[in-house]
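Visitor: From these two lone chains plus the hints, build me the complex, please.
Top line first, the protein sequences correspond to chains F and P. So for the first sequence, the working numbering puts the first residue at 32; every next one is plus one. So for the second sequence, the working numbering puts the first residue at 104; every next one is plus one.
These are calculated hints, taken from the structure and not from any lab test. For glycine and all other residues, C-beta sits at the position ideal for the given N, C-alpha and C. One should not assume that every hint holds.
Claimed, not checked - According to the in silico footprint, chain P covers these stretches of chain F (three or more CB under 8 Å from chain P):
1. 149-157
2. 200-207
3. 320-334
Stated by the list, open to error - Each computed DSSO-like pair below joins lysine-lysine, with the alpha-carbon atoms no more than 27 Å apart:
4. 103(F) - 210(P)
5. 279(P) - 263(P)
6. 103(F) - 324(P)
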Amino acid sequence: MKKSPWWTIGWRNMGRSRRRTYITAAALAGGYFSIVVLVGLSRGIVAEMIANGTDLIAGQLQVHAPDYLPDKSIYETFGGVDRASIDSLLTIVESDPDISAAAPRVYAGGLIGSDNFTVPGQLMGVDVDRESSVSRIVRVDEGRLPRPGTNEAVLGGEMARQLEVAIGDELVVVAPSVDGSMGNDLFTVVGIYNSGIVELDATTVIVSIEALQYLIFLDEGQIHEIAAVVLDPWDAEDAADRLNPLLQSSGHEAEAVPWTELRPELVEYANLVSASEFIIVIVVFGMAIFGVANTMLMATYERRREFALLLALGASPWGVIKSVLAEAIALGFISILAGVVFTAPFLIWWHVAPLDLSFASGGFSMSGSYVSPVLRVEYPWSAIVVASVSLFGTAVLAATYPAIRSARLPAADTLAGR
Amino acid sequence: MKFSWSKAAPLVIAATSIGSPLTAQETAAEIVDRIDQMWRGESSRAAMEMTVVTEHWTRTIEMTAVSLGSTHSLIRILAPRRDAGTATLKVDNDIWNYLPRVDRTIKIPSSMMGSSWMGSHMTNDDLVKESRIIEDYDIDVSFSGVRDGTDVWEFTLTPKEEAAVIWGSIVEEVRKDDLMPTWVRYFDERGDLVRTLTFDDYRTMGGRLIPAHMTMIPIDKPEESTSFRYNELEFGIGVEESFFSLRRLRSER
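Isolated chain P (complex conformation) (with noise of 0.2 Å):
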C-alpha cells in the first residue's frame, strides 16, 4: 500500500484504491509493496472538496483533479469565485501555477517547496514528494489484532538511513478485512507527532472502495484542519504524459 497520504488528493485516491484482500502469507512490506505498485501507473480523474479551517477563516475549495501515476497531477478550482480557474500543475518534481486573472503561470521556487499549498495543511512538497514507500522505508506490523471492534494491523515506517524523506516516522492503521487505512499519524525526527490524517466514509467510488473523505490535522494547531471529500471519482480515464502540459494548465477549463 502507498501510504504517502500528504500527497495531493487525486493521489490519495489511487493509493487507497485497494481491491482484494490480503492473503495470510504476506509480510507487511509485501502488503505495502503490492498496493504501491498497483498504484502506479493508475490513472484518475475526481471531482472533490478541500475544505480549510483556520483560526482566522473556513473556506471550502471545489476542484477538478486529473491525475497519471504519482508523478503527474493537475488540478483546477472551479470555486468560490475569486480563486475560480487557478490551477496547479506537476510533472515529477516541478510544480507551476496557472493564475487566471493575470493569465500568468508562475513556477513554484524550490525555497517556496515547504510553504502552504492553496492555504491549505498541505505543503507543496507533499504534492511533489513521491518516495516509493519500500525503497525509503522499513516497514514493520507493529500491532495486529482488534481496536475500537474492529481488526486492524498498525504499521509502523521508519526510513531507511540512507533515504532522503522529511518524516522521522509514519505509523498507519489499516482494516483488515478490507485494507481500508483508518488513520495515518506523521512523526517529526525527534519522534514528536507532527500530524495526523483521519479517514471515513468508505464508499464504492469508481468501482472501487475508498475513503470519501479524509481529514488532516496539525499537531500544533489542532483547532485547525484541511479536509478533502471526493464527489466523483473515476480510474482509468487513458491520460497520456503529454496531457499534463503548461499549454493545458493555461488553457483547459
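Bound conformation, chain F alone (with noise of 0.2 Å):
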C-alpha cells in the first residue's frame, strides 16, 4: 500500500517554524512532567504514610487467633505448649513469598510503677532477634533492646518523662495474668525509643517475650500476635490469603489478616488520593490544550494561501485535515520523547534520593501513623501511560478545529486575497 502523502506533509511542516515547534512541543512535554512527577510525588506520600502505619508496630500482616480482634483480650492466644510450636508457625508465615520476616508477640494490659509515679501501659513481649527486622518500635534511641528471657524494658520517651525514669532505674510491672491473678514483676529501664507518635511513647512498653510470658502466666508456646512484613503493602492481602488455608491445615486455630483491614483508613486515604489523580491530568492538560490549540491555529493561518491551493488543485478537505492531524501527531510524538526524556532522570533521581525537608518542616502524625517530612516519590506506572495518551489527545483535540478550518478554507477568495 503505498503511503499517504500526508504523513509525509505533516512531518514535515513541523520544521517550518522550528521555534514555535520547540516550545509547543516543551510545553506539552511540561505537562507530561508534571503529571508524572505530581502523581508520583502523591503515591510516595501515600506510600510514606502506609510503610509509617504499617512498619512502625503492626507489621503489613498479623496472624493471630479468630477472636483476638477486635478485643485483644489476653486469653485469645494461639501456639502450642512450647517455643518449637511458635518456630513452626513463623516457619509457615515466613514461607510465603512476599513475606520477608516476621516476629511473634504477646501483649498484656497493665501499671507500670517507677518510685513516685505510676502509668497505665501496655506490655510488648517481643521475639527481640526477628523483631529488628519486622517494626521499627525497637529501633531504640537510648541504651539498647532487652535481653531475651531477662526482666529488661525498653519504654517510649513520654512515660520516661512521666514516670521520671531513665536507663538503670527499676519499674515495679503489674499486669492481670491469665488465671486471674495480679502477675508483678521488677523490670530494668534499658532503653527508650522515640517512634513520633505520643500515645504510643506514653504507653508502649517493650519487654522480652519470655519475661512477659512469665509475668501474666503464659506457656512459652502461646502467643497473640505474629507480625510479618510484606515487602509491597498491596501484596499483603493475596499473602493473607494464601496463608489462612496453610494455617489451618497445619491445625493451628490462627488467621492472617492484612493491614488492609486492620487499617481501612489508611487504604481509604489512599483510595482518595489515587481517585484525586486525574484532577492533575485534567488541569495540567486543560491548561496545555489552549496553548497548543492557539500554537496551530496560528500555523494554519499562516499557510492559510497554502491549503487553498491544495484544494484548488483537488486535494480533499479529509486530506488537508489529516496533513494537520499528522502534524499534531508528529508534535505529540516527539513531546512525549521530550517529556520523558525530561522526566525519566529527575524522577529516578528523586525516588533514589527521596527530599528531606526536615530543615523546613517537623516530623506529625495523622490518624496514627507518624509522617516524616521527607518527600519521596514512586514511580507511577500507570499514570506515565495516562499522561501520555493524554498528551496524545490533547495534541490531537487542540488541532482538530484548525484542521476543520483549514479544510474547509473557501479556495478562490483565499488565494484572491479577499
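Guide: Spelled out as C-alpha cells, the structure:
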C-alpha cells in the first residue's frame, strides 16, 4: 500500500517554524513532566503513610487467634505449649514468597510504676532478634533492647518522662495474668525509643517475650500475634489469602489479617488520593490544550493560501485535515519523547534520593501514622501511560479545530487575497 | 441504710449491719439516712473469701479486711499462694497496692480507677466511691408489700442533678421484718441494667445479723460473677485512722 503523502507533509510542516514547534513541544513535555512527577509525589506520600502506619509496629500482615480482634483479650492466644510450636508457625508464615520477615508477640495491659509515679501501659513482649526486622519501634534512641528472658524493658520517651526514669532505673510492672492472679515483677529500664507518636510513646513498653509470658502466666508456646513484613504492602491481602489455608491445614487456630483490614482508614486515604489523580491530568492538559490550539491556529492561518492552493488543485478537504492532524500527532510524539527524556532521570533521582524537608518542617502524626518530613516519589506506572495518552489526545484535540477550519477554506477567495 | 453495695466487702458488711426494725413513721430517706449514719465511724475486721468466676478461670481469694467507716480500709490476700501477701490500702479516694513479690507499693493512677480490682467484677472505683446516699440520691419507695412470700420494700434511688455518681439509678429490695437487703440492681444512665447484687445466708456475726454471702453478676456477662462470703466478722475493733498507713500496708502480715 502506498504511504499517504499527508503524513509526510504533516511531519515536514513541523520544521517550517522550528522555534514554534520547540516551544509547543516543550509545553506538552512540561505537562507530561508535571503529571508524572505530581502523581509520583502523591503516591510517594501515600506509600510513606502506609509504610509509617504499618512498619512502625503493626506489620503489613498479622496472625492472631480467630477471636483476638477487636478486643485483644489476653486469653485469645494461639500456638502450643512449647517454643517449637511458635517456630513452626513462623516457618509457615515466612514460607510465603511475599513475606520477608515475621516475629511473634505477646501483649498485656498493666500498670507501670516508678518510685513516685504509676501509669497505665501496654506491655509488648517481643522476640528481640526477629522484631528488629519487622518493626521500627524497637529501634531505640538510647540504650539497647532487652535481652531474651531477662526482666529488662524499653520505654517510650514520653512514658520515661512521666515516670521520671532513665536507663538503669527500676520499674514495677503489674499485669493481670491469664489465671486471674496479678502478675507483678521488677524490670530494669535498658532503652528508650521515640516513635514520633506521643500516645504510643506514653503507653507501650517493650519487654522480652519470655519475660512477659512468665509475668502473665502464659506457656512459652502461647502468643497473641505474629507480625509479618510484606515488601509491597499491596501484596498483603494476597499473602493473607495464601496463608490462611496453610495455617488451617497445619492445625493451628489462627488467621492471617492484612493491614488493609487492620487499618482501613489508610486504604481509604490511598483510594482518595488515587481518585484525585485525574484532577491533576485534567488541570495540566486542560491548560496545555489551549496553548497548543492557539499555536496550531497560528500555524494553519499562516498557511491558509497553501491550503487553498491544495484545495484548488483538487485535494480533498479530508486530506487537508489529515495533514494538520498528522502534524499534531508528530508533535505529540516528539513531546512525549522530550517528556520522557526530561522526566525519567529526574524521577529516578528523586526516587533514589528522597527530598528531606526536615530543615523546614518537623514530622507529625496523622490518623495514627507518623508522617516524616521526607518527600519521596513512587514510580507512577499507570500515570505514565495515562499522561502519554492524554498528551497525544491533547495534541490531536487541539489540532482538530484548526484542521477543520483549514479544510473549509474558500479556495478561490483565499487565493485571491479576499 | 447505706446501699452502696458496690463498696469493698468490709464496707458492705458495715452497711448491712442494721440493728432495730423500722418504725412506721420513718420515710424511705430516713431509713436510708439512719443506716447511713449508723454505718459511719464504724470499724470492723473480717475474714472472707472472694470467688471470681470468669469465662476463662474461677478462683477463690481468701483475705482479711480491716475498715474504718467508708474512708479507710486495708485488705490483705492470704491465698492463693501466687497472690498471698498482696494488699490494698484505701484512704479516702486513693488506693495503693502492695506487691510482696517485688516488695513495692504502687498507687493506682486515676486513669485506672475504672479497671478491675484483683481480677474481680469490682472496679477500683467501687472501692473508693463513698458518696453519702441521701446527699447524692433521691429515695422513693417504689414497692411495698409481699413479694415471693416476704414482706419487702423496694427503694428506687435516683441521683440528684448535681451528684457526681456513675449510676443512672439503683433499685434495691429490703425485707421489712429485719431490714435485710435481698438484692440491689444497678442501672446506667440509659436505664439499662448493668449489674445485680444478691444477698443470702443471713446470719448473726459479730453480734449483728448480716447477709454472709453476696454475689455480683455483670449483666453483659451473666455467666460470670464475683461473690463474697464472710467467715469471721468483728465490729468495733478500735482502730484509728493512723492504722491505715503505707507502712502498715507493707508490713502487716
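Visitor: Return the numbers of the hints above that this structure violates; sort them in rising order.
Guide: Going through the list in order, the structure violates hint 3 alone and respects the others.
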